[in-house]
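Please model the complete structure; the sequences and the hints are all you need to start from.
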Amino acid sequence: MEEEKGPVCVTGGTGFIGSWLVMKLLQHGYTVRATVRSDPECNRDISYLTSLPRASEKLHIFNGDLHHPESFNAAIEGCIGVFHVAHPMPDKELDEESVTKQYVEGTLGILKACLNAKTVKKVVYTSSAATVAYSGNNKEMVDESSWSDTEYHKSLEMFRTSSYVAVICMFLLCKLHS
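So for the sequence shown, UniProt numbering puts the first residue at 1; every next one is plus one.
In short, the hints are calculated from the structure, not lab data.
On a predicted model such as this, the values are computed, not experimentally measured, just so you know.
Please note that a few of the clues may not be correct.
List time: in silico DSS-like cross-link candidates among lysine-lysine, alpha-carbon distance up to 30 Å [as the list claims (entries may be wrong)]:
| # | residue 1 | residue 2 |
| --- | --- | --- |
| 1 | 5 | 101 |
| 2 | 5 | 58 |
| 3 | 5 | 121 |
| 4 | 5 | 112 |
| 5 | 121 | 101 |
| 6 | 122 | 175 |
| 7 | 5 | 175 |
| 8 | 58 | 101 |
| 9 | 118 | 101 |
| 10 | 118 | 24 |
Now the structure itself:
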């Protein structure tokens, strides 16, 4: 995205990775559209983002909620790139299937918004090493063609499972539209 400094979207812009990404993109002169969860219970102070150098001119905050994938449309519209960093932080009361469904549908909704925008040239997706690195066999060589065992993931925590399933769905959608 270096050749053109058009607007970029960072989903999950208030998280640890997302906020660092926002800072670095602003430092490099990008206009950044960061999404924050619109959940009223998630009333967080985002002054650490809005007080960054260049933020007053180049940072725009949008509501984005993985429960409502269409909520990302406005932030993505007109962007040349999207960094999908958002991931639901599972509530212990939610079951694995609900968390996985939310994350997969949210991720696919974000990708569809990228396709519909017609301006997005690149999508960068952050996930977890758990999507490829954990299969129960520590002696296997892992590379970009490695996929973890779904059943093994189900024996682990929700975060790993939802990340894994979302990566597979994202991979398939990208293959369909490449």
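Hint check results:
Our distance criterion of 30 Å between C-alpha atoms is broken by residue 5 and residue 101, whose separation comes to about 34 Å. Pair hint residue 5 plus residue 58 holds up; C-alpha atoms about 11 Å apart against a cutoff of 30 Å. Note on residue 5 and residue 121: the hinted pairing holds, with a Cα-Cα distance of about 12 Å set against a maximum of 30 Å. For a cut-off of 30 Å, the pair hint linking residue 5 to residue 112 stands: about 22 Å separates their Cα positions.
Annotation: proposed proximity of residue 121 to residue 101 holds, straight-line Cα distance about 27 Å (limit 30 Å). Restraint check for residue 122 and residue 175: the C-alpha separation of about 14 Å stays at or below 30 Å, so the hint holds. Distance restraint check for residue 5 and residue 175: the Cα-Cα separation of roughly 27 Å lies within the 30 Å cut-off, and the hinted pair is therefore satisfied. A distance of roughly 33 Å separates the Cα atoms of residue 58 and residue 101; the hinted pair therefore is violated under the 30 Å criterion.
Under the criterion of a C-alpha separation no larger than 30 Å, the hint pairing residue 118 with residue 101 is consistent with the structure, at around 26 Å. A threshold of 30 Å between alpha carbons decides the hint, and for residue 118 with residue 24 the separation of about 25 Å falls inside it, so the pair holds.
Consistency with the previously given hints fails for numbers 1 and 8, ordered from lowest to highest.
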